[in-house]
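Below are the chains, spelled out letter by letter.
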Amino acid sequence: MLLVALRILFFRLLVAVPTLIAVSALVFVILRLLPADPAAMSLPPGATAEDLARLRAALGLDRSIPEQYLIWLGDLLSGDFGISIYFRRPVADLVSTALPNTLELVLSGLLLGVIVGVAGGLLMFRARGGRGEEALDVVSSAMMSIPEFLWALLLILAFGVAVPLLPFIGRMAPGMMTPPGVTGFLLLDSLIAGRLDVFFSLLLHLVLPAVALAIALAPLIMRVLRASLVEVAGDDFVTQARLRGLSEQRILFAHTLPNAALPTISLIGVQAGFMFGGTVLVEVIFGYPGLGNLIVDAVRNHDLPVIQLVALVYCVLVLAINAAVEVIYLLVNPRLRTH
Amino acid sequence: MSVLAVEGLTVSAKQAAVLRDLSFEVAPGKVVGLVGESGAGKSMIGRVLAGTLPPGFAVTAGSVRFQGADLVAADPRARRRALGDRLTFIPQEPLTALDPLMTVAAQFGEHLQRLGMPRSGRRGAMRAALAAVELDPARVLERYPFQLSGGMCQRVLIAMAFVSNPALVVADEPTTALDVSTQMRIIALIRTLQRDHATGLLFITHDLRLAAHVCDEIIVLYAGEAVEHGPAAAVMGEPRHPYAASLKASIPPVDGPLHRLVPLADTMPGIARFASLPGCRFAPRCPVRDATCAAAPPPAIAIAPRHTVRAAGACLSASGAAAAIPMPPAPPPGAGPPVLELRDAAKHYPARRNLIGLRHGPGTTAVAGASLTVRPGEFVGIVGESGSGKSTLARLVMGLEAPTAGRILVDGADVTVGDAAARSVRLGALQMVFQDPQSALNPRRSVWRLVTQAMEAARARLGTGTRAGPARPSRAGRRERAATLLAETGLPADLLDRFPAELSGGQKQRVNIARALCLAPRLLVADEIVSGLDVSVQAQILNLLHTLRDELGIGLLLISHDLGVVRYVCSRVVVMRHGEIVEEGPVEAVFRDPQHPYTRMLLASIPPDDATLPWPRESDVASAAAA
Chain A
1 MLLVALRILF FRLLVAVPTL IAVSALVFVI LRLLPADPAA MSLPPGATAE
51 DLARLRAALG LDRSIPEQYL IWLGDLLSGD FGISIYFRRP VADLVSTALP
101 NTLELVLSGL LLGVIVGVAG GLLMFRARGG RGEEALDVVS SAMMSIPEFL
151 WALLLILAFG VAVPLLPFIG RMAPGMMTPP GVTGFLLLDS LIAGRLDVFF
201 SLLLHLVLPA VALAIALAPL IMRVLRASLV EVAGDDFVTQ ARLRGLSEQR
251 ILFAHTLPNA ALPTISLIGV QAGFMFGGTV LVEVIFGYPG LGNLIVDAVR
301 NHDLPVIQLV ALVYCVLVLA INAAVEVIYL LVNPRLRTH
Chain B
1 MSVLAVEGLT VSAKQAAVLR DLSFEVAPGK VVGLVGESGA GKSMIGRVLA
51 GTLPPGFAVT AGSVRFQGAD LVAADPRARR RALGDRLTFI PQEPLTALDP
101 LMTVAAQFGE HLQRLGMPRS GRRGAMRAAL AAVELDPARV LERYPFQLSG
151 GMCQRVLIAM AFVSNPALVV ADEPTTALDV STQMRIIALI RTLQRDHATG
201 LLFITHDLRL AAHVCDEIIV LYAGEAVEHG PAAAVMGEPR HPYAASLKAS
251 IPPVDGPLHR LVPLADTMPG IARFASLPGC RFAPRCPVRD ATCAAAPPPA
301 IAIAPRHTVR AAGACLSASG AAAAIPMPPA PPPGAGPPVL ELRDAAKHYP
351 ARRNLIGLRH GPGTTAVAGA SLTVRPGEFV GIVGESGSGK STLARLVMGL
401 EAPTAGRILV DGADVTVGDA AARSVRLGAL QMVFQDPQSA LNPRRSVWRL
451 VTQAMEAARA RLGTGTRAGP ARPSRAGRRE RAATLLAETG LPADLLDRFP
501 AELSGGQKQR VNIARALCLA PRLLVADEIV SGLDVSVQAQ ILNLLHTLRD
551 ELGIGLLLIS HDLGVVRYVC SRVVVMRHGE IVEEGPVEAV FRDPQHPYTR
601 MLLASIPPDD ATLPWPRESD VASAAAA
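Here the protein sequences come in this chain order: A and B. At position 179 of the first sequence (counting the first as 1) the number is 179 in my numbering, and the numbers step up by one without a gap. At position 255 of the second sequence (counting the first as 1) the number is 255 in my numbering, and the numbers step up by one without a gap.
Among these hints, one or two may not hold up.
Listed next, the stretches of chain A that the computed footprint assigns to chain B, with coverage defined by at least 3 CB atoms under 8 Å from CB atoms of chain B [claimed, not checked]:
1. 232-244
2. 273-286
Cβ-to-Cβ under 10 Å is the rule here; a few derived chain B residues that face chain A [claimed, not checked]:
3. Ala82
4. Leu83
5. Phe89
6. Gln92
7. Leu95
8. Leu98
9. Leu101
10. Leu115
11. Met117
12. Arg119
The following residues of chain A were derived to be distant from chain B, with all beta-carbon distances above 10 Å [unchecked claim]:
13. Val114
14. Ile115
15. Met177
Source of the hints: derived by calculation from the structure; they are not laboratory data. For glycine and all other residues, C-beta sits at the position ideal for the given N, C-alpha and C.
Looking at chain A on its own, in the form it has when it is part of the complex (with noise of 0.2 Å):
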């Protein structure tokens, strides 16, 4: 089982390759039609049209688009991401910075969103036919119908500023320094140096924004699950589990869940994936120092370096959360490890 497990993973990989050259192409290209230099926007306002070019030269702009890109893809092999042009650092320290956070931000949105999902769609399945049903079902559609920056505005207004009861900016509390980094995951290293009011305060710092995207994700899994548990519900080996003498309890999470589980796995997979633009805003709105702020900041400065990775890097989360979902689903799913 774990060998097909890995089989596929293999076989993912191998078909990501073209996938993210693709990706790294257009981005590259379409930045580079931008009317917006950036050679230009890092002179001083006193520079002369020599000093432009000979900063153009250096920074390689004035070569073919083509030439650019190979350039910079030979250099990304080698492991030289670039120095960003706005913040004059390397762009993988930046990002290095930036990813663990968002992914503990996405992580956190995703586990919410699924555990309330889940409780949710039984909650609403065990509710069908009565007035919870239709308690839930509001519940759920306003949950769904409004934006997640929208809910991330709401709140911050409700539990930053109303009833002021969780920290709303920022990663930690002001003045609080950054564990040594082991891992670059804030919470991980702030529990291996033993400081855990660091990690109280990254862990109520990472509340609303995780909240926020949970909040978009759970009523999907909600009513998906709840769709498939009653189509479950209604087939033949439920009704013999029945017949057979097994408690409704038994029968639910033995029988009837792991079956209508199959297309929730695939609705988290795909809605994993717009997760992390999600993460955009919200890290903005709640300035959450995580890959959108630093995408959102490069992008107002026509930091192409940094733009450039940082696209990249979403694609190959997108691409490894499905790969994760794919083989998740193939160890629950026996119809798809046989053959």
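Following the hints, position chain B against chain A.
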């Protein structure tokens, strides 16, 4: 003391009695059969026993005593304790009755755990139980249901049903989804286990002939009422109730002389009509009804010890008397070249590609070099079990699949390569009738537009010079053609503007056939067109096919798993197995004196009409197992 005693049971939904005044007993070691067409209420009893009546249904009168305890009054927990333990069920669809995500060992183990068996003993118990149903535990335990055949799944379910040594087993159409030879083996197995354990068995089926061989006693149900109840041999041998008699007369026999089937007109009333039938519910279709029938339900009259018929006096004297009309011999096939000719046609499916596009394995041969001719006006039947390639053969004939070898000729023209010319030749000569009218008829189209659907496409074939139709058929022209088609297929003209949802199953299949007749094809290709229908409706459709031959001179290639149907309808039969034609010949010759062992085995798998003959015979079961 009986295991199950049902007394005056009435189940009602919305004022109407879905089951009315049903009484019977199941003694230990005895088999009671509940026989009826769909909607007769035969599955309702299983639901009463299991406590799983649909919402809105309730037991409104009578009692159900299981091992002396009242099941209707029992609280759900007590009832659940009996389920799967003392009272077990064998389902209709073995392939879907097992959880697809769990191995056999996992679900069997769960069942043993529910029965209170300690973990240590479960493995051994499973092995013993699987061996008792003639499965190899080593091969089955770690498999998932989708890796097993329907017969194997049913054996697993039977093993689970008998492992607790139950007092009563309810088997609801346990072999309907299976091939005939598998059916015979499963029946033999259930009978053996049931006899060895002295288990009471409630056998629910639509198949009177099968019930006659499996059961000690038979109850024939019609619209929620037991119309006849008696010893199996007596009910099958000489049914006394007009409905039971007509049910028997609707079954196309596999042996003995062939008579014209005399199906009842119309169909059984649905629940919605019960309230308007206060008297005998069969009266509207009864050939011997009189004015008194509709007034009050007829009483159950004992006509012999343990044999009752719910009838007024008039029905009893009249039934069984319908004169048998011998089948006229089939007209000789028309002159001229064959409408259809297959020369060594084969279809091979390559193995599936893996993730990097490489094929591994040899693939499957669905049809291996089949040669076949159908002459004008000839009715040819293709029989075989699932996987024999008979449906693939039909798809090759229709050009829905391209053969990988061999040639296909229609009206002498080579249509092997499915180009536009071949398509036009095919469409002019052949039409297909699909198996399931429910999904074959677009629910958004009215009947007249459905049956003349082919006229819309006729325009496209104008230039090819085969069968020129009007350039753009007018609405009036189409409606006129539709009216003719409905008349030809025995449908009333007022159905023209109805939609499929407003039609009964039999009417839908007639519309389905009418549609295929629209462009006056010379050969109909029909794949299992009666397998989803009740026997009385099936008999109507089979007679319709004969009428079409007599009136239109049309030919038929009938694909069916039912040998009786093929014998009744066709003059020539082709027996397929594993993609090969193993035997071919005139129907009567093949049925009377089958040459190939497989044909012999198939014929032996069908319960004979004479209920006193032993079936299944041990030697046949053994040869089916070996095949």
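These are the hints, each one checked on the structure:
1. By the rule of at least three residues with a Cβ nearer than 8 Å to a Cβ of chain B, the coverage given for the stretch 232-244 of chain A holds, with 9 such residues.
2. Residues of the stretch 273-286 of chain A lying with their CB closer than 8 Å to a CB of chain B number 0, which falls below the three-residue condition for coverage.
3. Satisfaction of the interface hint for B/Ala82 is found here, the shortest Cβ-Cβ separation to chain A being roughly 7 Å, below the 10 Å cut-off.
4. Interface restraint check for B/Leu83: the shortest CB-CB distance to chain A comes to about 4 Å, inside 10 Å, so the restraint holds.
5. Among the interface hints, the one on B/Phe89 holds; its C-beta lies about 4 Å from the nearest C-beta in chain A, closer than the 10 Å criterion.
6. A least Cβ separation of about 8 Å between B/Gln92 and chain A falls short of the 10 Å threshold, and the interface hint therefore holds.
7. Interface restraint check for B/Leu95: the shortest CB-CB distance to chain A comes to about 9 Å, inside 10 Å, so the restraint holds.
8. Nearest Cβ of chain A to the Cβ of B/Leu98: about 6 Å, under the 10 Å cut. The hint holds.
9. This hint holds: B/Leu101 has a C-beta 5 Å from the nearest C-beta of chain A, less than the 10 Å allowed.
10. Below 10 Å, beta-carbon pairs count as interface contacts, and B/Leu115 has one with chain A at about 8 Å; its hint therefore holds.
11. At a threshold of 10 Å, the smallest CB-CB gap from B/Met117 to chain A is about 13 Å, leaving the interface hint violated.
12. The interface hint given for B/Arg119 is violated, since its Cβ lies 16 Å from the closest Cβ of chain A, which is over the 10 Å cut-off.
13. Non-interface call for A/Val114 relative to chain B: holds, since the shortest CB-CB distance, roughly 19 Å, exceeds 10 Å.
14. The beta carbon of A/Ile115 sits about 22 Å from the closest Cβ of chain B, which is more than 10 Å, so the claim that it is off the interface holds.
15. At roughly 48 Å, the least C-beta separation between A/Met177 and chain B is larger than 10 Å, which holds for a residue marked as non-interface.
Going down the numbered hints, you'll see the structure goes against 2, 11 and 12, while the others check out.
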